[in-house]
Amino acid sequence: MPGLPGGRGVKGLAAAGLAVALAAAGVGTGLVPRAAAITPPVAFTADDLPTWQTNGVVWALAEAGGTVFVGGTFSTVRPPAGAAGSEQSAVNFVALDAATGAPTSCKLSFTVPSGTATVRALTLSPDKSTLYAGGYFGAVNGLPVNSMAAIDVATCTPKPGFRPSFPATVRAVAATADTLWVGGDFPTVAGQPRQRFASIDAATGALKPFTADADEPGRAIELTPDGRNAILGGDFFRVNGADSHALAVVDAVTGAVVKNYPLGFIQSQSVVKDLTSDATGFFTANEGTGGFDGRIALNLSDFNQRWRDTCLGATQAVLDYQGVLYSASHAHDCSSVGEYPDGQRHHLLAQPVTGTGKLGWAPDTNDGIGEGIGPRVMTVAPKGGVQYLWVGGEYTTVNGKAQQGLTRFASANDTGAPTTPVASASAVRPDAVQVRWRTSLDLDDSRLTYRIYRNGGASPVRTMTADSLFFLRPQASWTDTAVTAGQTYTYRVTATDAAGNTSALSATASVTVPTSVQSYPDRVRSDGARLYWRYDDTVQPYAADSSVSGDTSGVFLNNPALRQGPGAITGASTAVGFDGAIQQVYSDRRETVTGPYSLETWFRTNTVRGGKLLGFGNNQARNSGSYDKHIYMTNDGRIVFGIYNGATRTITTPDALNDNKWHHVVAAQGPGGMVLYVDGQNKGTLPHTTNQNIAGYWHVGGDNLNNWPNRPTSNYFAGQIDETAVYPSVLTAAQVQNHFTLAKAPSDSVATVQASEDTYVNSAAPGTVFGSSGSLAVGGGLYQAYLRFGLPAAPAGTVLKSAVLRVKTNTLGGAGTADTVSVVPVTGAWTEAGTTYTSRPALGGPALGSVSGVPDGSAVASIPLDTAAVAGVLGSSYAVALTGSGSDALWLWAREAGANEGTPELVLTFGP
Numbered sequence: 000m001p002g003l004p005g006g007r008g009v010k011g012l013a014a015a016g017l018a019v020a021l022a023a024a025g026v027g028t029g030l031v032p033r034a035a036a037i038t039p040p041v042a043f044t045a046d047d048l049p050t051w052q053t054n055g056v057v058w059a060l061a062e063a064g065g066t067v068f069v070g071g072t073f074s075t076v077r078p079p080a081g082a083a084g085s086e087q088s089a090v091n092f093v094a095l096d097a098a099t100g101a102p103t104s105c106k107l108s109f110t111v112p113s114g115t116a117t118v119r120a121l122t123l124s125p126d127k128s129t130l131y132a133g134g135y136f137g138a139v140n141g142l143p144v145n146s147m148a149a150i151d152v153a154t155c156t157p158k159p160g161f162r163p164s165f166p167a168t169v170r171a172v173a174a175t176a177d178t179l180w181v182g183g184d185f186p187t188v189a190g191q192p193r194q195r196f197a198s199i200d201a202a203t204g205a206l207k208p209f210t211a212d213a214d215e216p217g218r219a220i221e222l223t224p225d226g227r228n229a230i231l232g233g234d235f236f237r238v239n240g241a242d243s244h245a246l247a248v249v250d251a252v253t254g255a256v257v258k259n260y261p262l263g264f265i266q267s268q269s270v271v272k273d274l275t276s277d278a279t280g281f282f283t284a285n286e287g288t289g290g291f292d293g294r295i296a297l298n299l300s301d302f303n304q305r306w307r308d309t310c311l312g313a314t315q316a317v318l319d320y321q322g323v324l325y326s327a328s329h330a331h332d333c334s335s336v337g338e339y340p341d342g343q344r345h346h347l348l349a350q351p352v353t354g355t356g357k358l359g360w361a362p363d364t365n366d367g368i369g370e371g372i373g374p375r376v377m378t379v380a381p382k383g384g385v386q387y388l389w390v391g392g393e394y395t396t397v398n399g400k401a402q403q404g405l406t407r408f409a410s411a412n413d414t415g416a417p418t419t420p421v422a423s424a425s426a427v428r429p430d431a432v433q434v435r436w437r438t439s440l441d442l443d444d445s446r447l448t449y450r451i452y453r454n455g456g457a458s459p460v461r462t463m464t465a466d467s468l469f470f471l472r473p474q475a476s477w478t479d480t481a482v483t484a485g486q487t488y489t490y491r492v493t494a495t496d497a498a499g500n501t502s503a504l505s506a507t508a509s510v511t512v513p514t515s516v517q518s519y520p521d522r523v524r525s526d527g528a529r530l531y532w533r534y535d536d537t538v539q540p541y542a543a544d545s546s547v548s549g550d551t552s553g554v555f556l557n558n559p560a561l562r563q564g565p566g567a568i569t570g571a572s573t574a575v576g577f578d579g580a581i582q583q584v585y586s587d588r589r590e591t592v593t594g595p596y597s598l599e600t601w602f603r604t605n606t607v608r609g610g611k612l613l614g615f616g617n618n619q620a621r622n623s624g625s626y627d628k629h630i631y632m633t634n635d636g637r638i639v640f641g642i643y644n645g646a647t648r649t650i651t652t653p654d655a656l657n658d659n660k661w662h663h664v665v666a667a668q669g670p671g672g673m674v675l676y677v678d679g680q681n682k683g684t685l686p687h688t689t690n691q692n693i694a695g696y697w698h699v700g701g702d703n704l705n706n707w708p709n710r711p712t713s714n715y716f717a718g719q720i721d722e723t724a725v726y727p728s729v730l731t732a733a734q735v736q737n738h739f740t741l742a743k744a745p746s747d748s749v750a751t752v753q754a755s756e757d758t759y760v761n762s763a764a765p766g767t768v769f770g771s772s773g774s775l776a777v778g779g780g781l782y783q784a785y786l787r788f789g790l791p792a793a794p795a796g797t798v799l800k801s802a803v804l805r806v807k808t809n810t811l812g813g814a815g816t817a818d819t820v821s822v823v824p825v826t827g828a829w830t831e832a833g834t835t836y837t838s839r840p841a842l843g844g845p846a847l848g849s850v851s852g853v854p855d856g857s858a859v860a861s862i863p864l865d866t867a868a869v870a871g872v873l874g875s876s877y878a879v880a881l882t883g884s885g886s887d888a889l890w891l892w893a894r895e896a897g898a899n900e901g902t903p904e905l906v907l908t909f910g911p
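Position 125 of the sequence shown, counting from 1, maps to 124 under numbering that gives the first Met the number 0, and the rest follow consecutively.
No lab work stands behind these hints: they were computed from the structure.
Any given hint could turn out to be false.
To be verified - The calculated BS3-like cross-link candidates involving lysine-lysine, where the alpha carbons are at most 30 Å apart (straight line), are:
hint: 1; residue 1: K682; residue 2: K743
hint: 2; residue 1: K682; residue 2: K660
hint: 3; residue 1: K158; residue 2: K207
hint: 4; residue 1: K258; residue 2: K382
hint: 5; residue 1: K127; residue 2: K106
hint: 6; residue 1: K106; residue 2: K382
hint: 7; residue 1: K382; residue 2: K400
hint: 8; residue 1: K127; residue 2: K400
Start from the sequences and build out the full structure, keeping to the hints where you can.
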């Protein structure tokens, strides 16, 4: 029942009545505050709490008075890793404190003379004074029983007057004040025919007239809130002779079928493992090898389906709590509901009771022992104003840490910070920088706040929110327009959840703003690319999207080689290298291509094994099962553009292109059919306007090519790829030719030159050499600093367009200055190892540049220098001095500093 679950497969009318009573009294779970950092409507953090653990499988959970009762197949319990305490005997049962996770004084042993005893179901009476246990056992603390027992909660002793007789395993129990409904494997009860379901007296265990005979085991029972009907789940195909597979609704008194679900509503190989309900509906947990493995929501008004979640992954338990359906499974493929493809297993999920879309809650376990299912049962236990979600099963890890059989999550005190963003920055015009990052992962927060810091500043220049889920982490981006051409900027990003848990700063992303428009990338963007991977990334696994919308980033798989040069176009841009065996890039946003499109990329190779350059498929890290809209290379080096519209349709170049030179390829399909261009030239057309209608992901460097014409030896491409773009339109022949031409157009290039020597002098210590210091001091009436750079000559056909000196304040308090700092040429001789204040060099003039004030806090100062003056000394060793105008000293990192991020450097931009 909503808000007051009393155990899995064991809730009923009385629990609903108690929930209403608590609500009327103004107390209960609805008034317990949701965890501060959780994105509504999720009610629990994903941070697992220290909990005693079992040495076997947990099958059943129930709660009363702040104690959680645990049943299963185990013999001992032990403390969580690193906690005090020692292993204790616990024969298929243990009682734990809901708030601490530690054992209580309640000790019960469930045993059987031969075979393996197990506890499979636990539930509480409506007043929570009696615990009912079902399973396969012959005694409780030595008292003979027959697979079912009643326990007095106050004394933790079995009740001798409760003596039902079940000859086989009991798997489910639901309770009201006077009646129990029981499901399991049994053919009889107390010698009377009752096949798999029965009803007994709650006090004595005497059999009641209720008859709902099923032909296969019963696994779950849920009472409707009005108490009139019982919902049955299990393996069965018939109930009281009616065609009803795995699910049925029967009269709670007689057992007569009220609603049957003929075979086909649920597939024959699928069974119902658990049931839960709220005020308007009920929900199933289905397991079916090769069949339906998900969850069904049905109305209580007419018992008809509301929605169906067809994720694959053996759902074992469902729990409805405050409008959210929590589920335990090993869901590995949710592509059928528009989410993630077959791959990694996810064991704990949450979704609204109104639909199939997953929410931002995804702690995880492993599959564990036994059948390798993972979690199998859930319940909620309140104590001390906090709600605890308990999860039992056969797993042996939780959130990547060793923990067996039991774990729990609280409704308060979220402590887990989001993952650190992976950021990069790009500029293709002189007036803007695109800062972008892959959204962070937070297992209980889907909406995070991001702060962007520029040039080491202490305050963010931009704060924004973005949404992400464990399977959907789109790129977020911000355009910084407060930039100056020729200057270099650095950016770092943090992610924060609603509780204030903040990630570490991202690695520094650095970019030099061009002094003129970069022709090729600017044209790709303005021609409407909605995916544009330039492969200038410096770290994996994130491939940045440089399109204007900037939300379809990629994921590098198996470490392809970054920063391969020279790239396909002029300038400093680089390519990515693939090994032809296991490496690729795939997009992390699922989409459907429903209209015209163009695919564009550059490649260079000498492979004789072929491989896929670019294409669309329905999986990510695994081989796709459906795939087309792709460009691939044959073993002899020819390029193929192919689609599938009931048959494979391909255009193939006549010439080999595996000559180790850069080539440009564009493939497009639209109302006019298919067309393939190579190096700006049309290589063929076909009239086909349709393709395979699948949802999927873009792949670069590899994916499935089974059954395609002239299939190469390898699905994976060996070589370099650069400047990949996907457009939601058909590029014209003129646009294709223009792209090919612009790739070789003159472009700005940037040279970053680090200081080869640096030192400072101090008038208060005139004979001291500071050349080995990790810091430089300027101004304050005491200090001058000197820097020497080995300047390169201008590349052929270019001139110097800008020169910027970049320095960074160190971490000393007050390291910045309010004074003006000037850069002047040095005319005298000096050395890092020998210069003192007394032997300081002569300075020239005029000043090359200046900056008015530099802030504290590892701030980066970019000082534009006189371009003509610097151009006149290119190709030589050049020294400058930093001088201050007043009494406020500036302290900077020197080249000797441990963190090279702060090394003084000269940024030179060359262009036509």
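Against the structure, the hints:
1. K682 <-> K743: 21 Å, holds
2. K682 <-> K660: 18 Å, holds
3. K158 <-> K207: Within the cut-off at roughly 20 Å; holds.
4. K258 <-> K382: The given pair, whose Cα atoms are some 39 Å apart, is violated under the 30 Å limit.
5. K127 <-> K106: Judged against 30 Å, a Cα distance of about 18 Å means the pair holds.
6. K106 <-> K382: Holds. K106 to K382 sits at ~21 Å (cutoff 30 Å).
7. K382 <-> K400: 25 Å, holds
8. K127 <-> K400: 34 Å, violated
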